[in-house]
Amino acid sequence: MNPVNYLYLAALLFTIGATGVLIRRNAIVVFMCIELMLNACNLAFVTFSRMHGNLDGQIIAFFTMVVAAAEVVVGLAIIVSLFRSRHSASVDDASLMKL
Amino acid sequence: MENLIALLIAAPLLGAAVLLVGGRRLDAVGHWIGTLLSSVSFVFGVILFSDLLSRDAEDRTLTQHLFSWIPVGGFQADVAFRLDQLSMTFVLLITGVGSLIHLYSVGYMEHDERRRRFFGYLNLFLAAMLLLVLADNYLLLYVGWEGVGLASYLLIGFWQHKPSAATAAKKAFLVNRVGDIGLSIAIMLMFTTFGTFAFGPLLGAEGEPGIAGDASEGRLTAIALMLLLAACGKSAQVPLQSWLGDAMEGPTPVSALIHAATMVTAGVYLIVRSAAIFNGAPDAQLVVTVVGAVTLLFGAIVGCAKDDIKKALAGSTMSQIGYMVLAAGLGPIGYVFAIMHLVTHGFFKAGLFLGAGSVMHGMNDEVDMRKYGGLRKYMPITFVTFGLGYLAIIGFPGLSGFFSKDKIIEAAFAKGGTEGWILGGCALLGAAITAYYMTRVMLMTFFGEKRWQPDAEGHEPHPHESPRSMTIPMIVLAFGSVFAGGFFSIGDRFLHWLEPVTGHSHGDSPVSALTVTLATMVVLVVGVAIAYAQYGRRPVPIVAPRGSLLTRAARRDLFQDDFNHVVLVRGGEHLTRSLVYVDHTLVDGVVNGTAASVGGLSGRLRRVQNGFARSYAVSMFGGAAVLIAATLLMRAV
Amino acid sequence: MSFPLLTATAALPAIGAVLTAAVPAARRNAAKSLALVFSLATLALAIVVLVRFDPDGGRYQLTESHSWIADFGVRYELGVDGIGVALVVLTALLIPFIILAGWHDADPLETGDASLSSYAAGRWRPTQGFFALILAVEAMVIISFEATDVFVFYIFFEAMLIPMYFLIGGFGDRAHEHGEEAASTQRSYAAVKFLLYNLVGGLIMLAAVIGLYVVAGNFSLTEIAEARANGTLDMATNTERWLFLGFFFAFAVKAPLWPLHTWLPNAMGESTTPVAVLITAVVDKVGTFAMLRFCLQLFPEASKWATPAILVLAVISIIYGALLAVGQRDIKRLVAYASISHFGFIILGIFAMTSQGQSGATLYMVNHGISTAALMLVAGFLISRRGSRLIADYGGVQKVAPVLAGTFLIGGLATLSLPGLAPFVSEFLVLVGTFERYPAIGIVATFGIVLAALYTLVLYQRTMTGPVKPEVSAMPDLRARELLVVAPLIVLLIFLGVYPKPVTDIVDPAVKQTLSDVHKKDPQPEVEAAK
Amino acid sequence: MSASAVHSLWTTAATAAEPISKIDSPKIEYGQLSPTLIVVGAAIIGVLVEAFVPRKHRYYAQLFVSVVALTAAFAAVVALAQGGYGTTKARIAAMGAIAVDGPALFLQGTILLAALVGLFTFAERRLDPEVHGNRVDSFAAQAASVPGSDSEQAAVKAGFTTTEVFPLLLFAVAGMLVFPSANDLLTLFIALEVFSLPLYLLCALARRKRLMSQEAAVKYFLLGAFASAFTLFGIALLYGYAGSVSYGTIAQVVDGTVQNVNPALADTMGNDALLLVGAAMIVMGLLFKVGAVPFHMWTPDVYQGAPTPVTGFMAAATKVAAFGALLRLLYVVLPGLRWDWRPVMWGVAIVTMLGGAIVAITQTDIKRLLAYSSIAHAGFILAGVIATTPDGVSSVLFYLAAYSFVTIGAFAVVTLVRDAGGEATHLSKWAGLGRRSPLVAAVFAVFLLAFAGIPLTSGFAGKFAVFKAAAEGGAAPLVVVGVISSAIAAFFYIRVIVLMFFSEPRPEGPTVAVPSPLTMTAIAVGVAVTLVLGVAPQYFLDLANQAGVFVR
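Residue numbers (numbering that gives the first Met the number 0), protein chains in the order written: chain A, 0 to 98; chain B, 0 to 636; chain C, 0 to 530; chain D, 0 to 551.
To be clear, the hints were calculated from the coordinates, so they are not data collected in a lab.
Take these hints with a grain of salt, some might be off.
[To be verified] Cut-off 30 Å, straight-line C-alpha distance, at most; resulting in silico cross-link-like pairs (DSSO-like, lysine-lysine):
#1 C:Lys500 with C:Lys511
#2 C:Lys398 with C:Lys500
#3 D:Lys156 with D:Lys55
#4 A:Lys97 with D:Lys428
#5 C:Lys500 with C:Lys519
#6 B:Lys161 with C:Lys468
#7 D:Lys208 with A:Lys97
#8 B:Lys161 with B:Lys370
#9 B:Lys370 with B:Lys449
#10 B:Lys161 with C:Lys398
#11 D:Lys88 with D:Lys26
When you get a sec, could you build the whole thing from the sequences and use the hints?
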């Protein structure tokens, strides 16, 4: 089947992820959406790699996973600490600083 | 010899410097220093005069070049002096009368603790006035011109603690400034037209004519009119006459010297000096004559209504100068007589003022003639000298005024044509009115019953004759007022003396000199008669009657001041006030407004930063979208 | 390489500023004397410059040139022509008087009432800072008169603002009708206004400076002017005009020209009188000077193109400033508006493009410096005695303090440019110079002299004459120090009024040069033209 | 797409897959990578120190390690530059992953110095009053403990300090060193994450106002991750377009010098949509890091919430690194696309300059104020970037160097002004500071004037440089806008000065802490650099000029 469709899928996933970031309140969920976006990127990489017939894309995909993992570590650390001090993971509650 | 000219000015200038900088330690001798230096200047004047007489008529022009003053490109102004018959006449008048009045002031100002400064100012005035008449170019003349203005400002406002005096001084200076605009513009015009404003090349010297004639008549007319404006300011001619009356706030010697004998006549000097220009601009000359005629009537009418003796005399000064200006406007026919009347007027008007001063001196500075009366018994010398001055001014046959004024009236008729008739008529009418108001003054002051009463503190004034230092000058001036005219006119001495400078031509008068003289006599008698009928026969009311509309108008200077007040003062105040408002709200407001609006914008944009991470994300997302779209768009177009 | 005289004239006050600032607070009088000494030394140096300068020599003399920021095409280039010399000497001459006049203006106040915190406005007055700042300003002004490199000029033109800003805002005049609090708010408002106006002007000029670099590739005034002259560097008409406007705007703000003038009354009103003198007599001159040197030389065509508009603005300044001066209730603001009117004359003279006009304008800068200094400083002494700036609070002063009144009158007469005093010469030259080419404008401008008489005499009458007000009855006359400040200025006014030749001789050649830069000649007199 | 095409795709893929079998072992030029390697190594050592060194020695050990590492790294950079790697011997190292050239070295040097100065402010422990006899710094005693909880109390009592900040700092620096010298998109992305993640953490570590600090961290993290996702997708698209992530190859493809390898792709990817969209998304990620409008909104909140030393370091170093990367991307990868991205960047630059300046006017918190000013400055720098001339590069380099020191200095001063609640960042508290402690106020005034770009300060030289470059690059309107926004910006810098010198001090106003030599050095260096670069910038301009050429 036509590999271009994977690209469309990737774009779709990316957009879904982005939309999620914009509309969801819970920090964890927002973060998950970001992960989704990263994975959409992965899909794109792999697809292109396939199309170009070189492995760069696939290698990058691995890197991305590692990075995503690292982000999870840092992100969760921060979000958890926030949750513990506020007893809420809503990004909207965290709006002390404005204007 | 030439080098004396500078000394002529230097002497009083030195006096002024010493007296003003010297400080209190000079109080004791200040007045004598001043008098001494002014008379020194007079002596120099006499020496130079004799020197001039010793030369033959053609080369009676001395010039002295001190240094180059403002050399900028083509603009060359030097500090240089020119002494010819015209300026010589003035030098003698100024220093002579000036010295006398210094002497007079020694007595008159005796009780004023600021007498030293008074003499300082007087000397300053002499210096400036001499500079005015001796300058060799118009710019230097301008310096003297404003210098006398300054001196007059200081002297009118000498009693500064009186607000009225301060105001009068300011008014005088301002009105003069308006005139000065004329002078400066005239100088600019000369510079742009001729590339110079020095007398020599411009007006011609040693016989050969200057380049003044080369310019187009239009230019000359413009220059002449500007000069006239200047003259109006300085010589209190309509429409710039309003300051002279108020100037009487100054001490009487000042009124005598500055506002009667010398400074106010500077305008006439200017016109006569600029003969070469005026001759080339007949239209301008006509304007001059009109101004003169109007003023001589104006002044005379005002003089009729004033009860303040000095104001009355001021009115008469105005009208006498009107005569001179009229004469000067007549061109070569009149120049000489203008100056001649100027000199004789210098004598008798100064005398009259000194007399008035003497009267006030004896009457606790009372100036209202309605509170005088019958003073001839108390101050005989004053009475006599004043009387002679009176006869002179009304043109009593044989006295100075008779000769000079008569000549002017003749000349006016000699102008020829309808304007000749009109001008002559005005001059005659003026003579009549002069006779009227001077008789009025005379009668109200020296004749009739004594009308003075105790003043507020109940001091009964004790009229007495003034000290000798005051009477002597009056006597001397009286002599002048009696004999000067005759002396000048016999054999046309004055004419021959002045002719080389001003030139002279006998117009063809439609009426013979004799007729004119007779006519003058007639109107004179009529004027005196009416005055006598009004003030001699029946007692003078202490409180002025309401009087006819004309009288009331005349008392108010024919509403001229009211006009100034409403239009200029009020209007000016409103203008400035509104401008201050505009400056604050509009000009400043625009700037502050921009600042404020930026601030407001900032305040609104701040709201975007609402603290919600998701809305930040939205803006990022939107931004990205725009970025992508724009990039694609760029490629598309 | 010879001794860098010009650098020295600027460096000396700079060093003085540093040293003065370094003096410990306790020894404040030492700081004062130190500042005075340095200012006098600077004056001496300036006079050396004057002597070494040869009016008939090359255009720019005593030149110095070192590479500075090659990357921006900037060289440290100094040099003076006649105009520069005149103004350098003027600056160096006035500063000692300003320092002397401000001798006690920055003394810490012994606290009047305990209620105010010890930090309260006006009480915080590091004396040595005051004098250090004045010297700093002097240094920057002098170097901007000497700079022949646009960038160097610009830098100091801008940097000047900072010390001025602190002088205005930090050491303001405490005499205020609504008390100290109002005074301090007014003061910082004035300081900010001053800074922002000039900063905006400067930044717009910055854009033009950059543009100039892009067009010309360097900042050397001489090189660019030369290149313009021999056509190797031709700007597109519009480019030149934009650049000109960029420069002119900054200078017009500084000068100040209507309608960019409103900062001046605030600044002069709220600052101490010596600082007010510093602003109007010294700092603002940089603006008019720069018009003459940079606008005309760099952008001759654009200058000619803009002339009509500028002349109109100048005339408006003259009349408008004078009228507002008449309407003022506050002595210092009155003088400020009078200065606006005078700056109108200066700009008029510059853009009349005649030798009389431009010589007059230069002379005017010098004379206005001296006359305003005289008038303003005496006014300051008056205000310091009564503690009020309102004209209405005075009356009859001449009776109690005749010398003060006399000097005040002379200052005033100089301001209304009475013949015989210095300003008359310059004013008349400007008028003639303008009239030669633009009669109508010349005539309108002439009305300024009447208004000048009006506001001066009204001021004198209201304050000095009339019955003595009780508040002023005990007013002491001028003290020795004050007389020492005023007397020399007055002597100078009279001398330059009677014998301005020394100055005109120095200025004339430079002006002729400038005129030839803009390819203008004086118009011929009508009669000779006819022949 | 036709079956044959698909078939051909397979086959070509097979053929294309051939060379993959013979990969030769990578060759790494350690010498040329030494700066990065040193820092990374030190960071790892730092971690070990955390693990093995007893708590009371950790602070000094960490400080020692970090200082030595940064100094050594800087020495290495200088050595490389001396060795001519900045100019003649500029090359691409590490199998095309890292470029060692002028801009890279210059920026690495700047970052290292900034980091060193920033480190001093990190290590400052005299500002807060001692608690329980322990000196404390600006960082939380124990990040894990809940604010206000007993565990926090215990941690404080025990005198814990978060010495982890030092390795975190080093990691961040390492990432920043790589970022501007990354020569392929993958390295770019990794570097981005490597320096972002530690910063996210550092933001959360404030000792005072911890809630705000954590909030700042969350915002920064989420938005940062969001942005990097975009970047990554952009990378993917570019990869798709060019079939490679190496800058050089992409550039060639863009220029069309290398025809796209296989026709099958050519007819799918024939249009440049991928290229443009991808480029836009990567650029967007970088603009987020530099804080350009409209990707700036994290800046004020994060700058305000983060511990001030972190803010200072972040504001300075992140900008340097990000602009470095942006420059390389635009000048090396996308020069062929100039006519597409320049107009867009124009727009961004304009809104950034104006937006930053205008919003700053009404700020009331000094840290937010500086945040907005940094946004405005980003706009000015963008103007230089847009010039697309060697002058543009060098001017930006110079500006970054000048700006970073002013920023660190300014924030260092902010740490000094304190009251009971820690730093007194509300402007109203700064009223009359000039009367209480003239020196501090004067120093801060110098920094503000530099921000405002007053002559004789580095700010002016930098601004002049970029505007000049922009004007020469034909962006005169940008210069005008820049000038206008400078005027607006001047207003609020002046406002602060007025506040400090001319307005009444509050009776309950803040006190100015007497810092240790560390912060003093930081501030002193800031002032010195500000003035030197202002008065005699020529040497550094020359440096920037020599460093103005990218290797491709």
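Consistency of the hints with the structure:
1. C:Lys500 with C:Lys511: Since the Cα atoms of Lys500 of chain C and Lys511 of chain C sit roughly 16 Å apart, the hinted pair holds (cutoff 30 Å).
2. C:Lys398 with C:Lys500: Not satisfied, since the Cα-Cα distance of roughly 38 Å exceeds 30 Å.
3. D:Lys156 with D:Lys55: holds, 14 Å
4. A:Lys97 with D:Lys428: holds, 19 Å
5. C:Lys500 with C:Lys519: holds, 24 Å
6. B:Lys161 with C:Lys468: holds, 13 Å
7. D:Lys208 with A:Lys97: holds, 15 Å
8. B:Lys161 with B:Lys370: Holds, because 22 Å separates the two Cα atoms, which is no more than 30 Å.
9. B:Lys370 with B:Lys449: holds, 8 Å
10. B:Lys161 with C:Lys398: holds, 12 Å
11. D:Lys88 with D:Lys26: holds, 18 Å
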